[in-house]
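Heads up: the protein sequence lines correspond to chains A and W, in order. Note that my numbering has the first sequence beginning at 1, numbered continuously upward. Note that my numbering has the second sequence beginning at 1, numbered continuously upward.
Rather than coming from a laboratory, the hints here were simulated on the basis of the structure. The beta carbon of each residue, even a glycine, is placed where N, CA and C say it ideally should be. Mixed in with the good hints there might be a few duds.
What the hints assert, rightly or not - Output of the computed footprint for chain W on chain A, the stretches with three or more beta carbons under 8 Å from beta carbons of chain W:
| # | segment |
| --- | --- |
| 1 | 55-63 |
| 2 | 205-214 |
| 3 | 232-241 |
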Amino acid sequence: MGVRSSAIALLLLYCSAALAQQRALPTQDLRSGSSYMGAELRAMQADTFANPGTLWVERGAKLWSARAGTVDRACVDCHRDARDSMKGVAARYPAFDAGAKRLLDLEGRVNQCRSARQGAPALAFESEELLGLTAFVASHSRGMPVRVAIDGAAAVHFERGRMLYERRIGQMNLACLNCHQQNAGRRLLAETISQGHSNAYPIYRLEWQALGSLQRRLRACYSGVRAELPAYNAPDLLDLSLFLAWRGEGLQIEAPGVRR
Amino acid sequence: MAEARIQVPPQVRRGEAFEVKILIRHAMETGYRLTDEGKPIARNVIRLITCRYNGVEVFRAEPSSGIAANPLFTFFVSARESGELQFEWQDDSGARNSERASITVAG
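Chain A on its own, in the form it takes in the complex (with noise of 0.2 Å):
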């Protein structure tokens, strides 16, 4: 007993925190984009014929099949049938890649395979192809929670991304935090502000008549807040995708979403 048990209780304490890591937002009280959404738009999103991003997953399902680059290899080639191997590949992602030794979302993923399986070349982010193929990938993770890796390699982006999420920026000096954690539910002019998680992406945005990645829709929350906008695949965006997708764990992947 004494000082050095107590040193020893109080390292573990601090162990199975840090583990654990503290979560602002307890799982109960995670709420979904989609249930800020009016009873139409849940509709249209739940409805697999009026959701226009099948549109994408529909051209997916057919690049799956479609040879490409040198090897002349399709996806279906390797993966087989996506039914069975995509199935909740999504709702693990982003993660650290140990051969390309770098943080991939499901777009690097994807791209990452095409240059070191296919021998093609990347694809541009939010070209109809990379899209078509993120939103038929992650359609096979529907309903299943989001877990992702944050120990080992992906730590050091964890943080950062959890860094980057509390860190102010811009003209308006806000971070992600100010608006998504603080003022969640509360209004912002005509719309109310969102818990901003990332389980829906790709989302069909109505604001965008069109499907888009996370990326996306981050850098259209650095324009908000009047930051500078930092490229498709900065270390940034993959890291901040990276601390959403682990603060929004346990919701259902819904790809692809729908939102306003």
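We have chain A; now place chain W onto it with these hints.
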């Protein structure tokens, strides 16, 4: 870039009204937007869409700038004979597209 999804019931009964849905992939460029350089973007919307049921027109719409991208059209048709629904649409760029769906009428 002709892409459309069509939904009709697999089988309908004679005399019954059945629901037809068609979702068309189209940018529906309003003509009111400008590029980053301030140049106007030419209007390109679907200006006419028709549906014929075994050759007889059963639906016609003339959308304009007020209709969102990737429009969804839903309407009801009275079932008469088995056959085909033929959809045709054209936009401001002059592109003409068509799709068809077969319908089976029982009874």
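(request) Establish whether the coverage given for the segment 55-63 of chain A by chain W is satisfied; the threshold is a Cβ-Cβ distance below 8 Å, and no fewer than three residues must meet it. (result) Result for this restraint: holds, n = 3.
(request) Tell me if chain W covers the segment 205-214 of chain A under the three-residue, 8 Å CB rule, please? (result) holds (count 3)
(message) Between the segment 232-241 of chain A and chain W, are there enough contacts, at least three residues with CB-CB distance under 8 Å, for the coverage claim to hold?
(response) violated (count 0)
Violation of the numbered hints given earlier is confined to hint 3; every other hint is satisfied by the structure.
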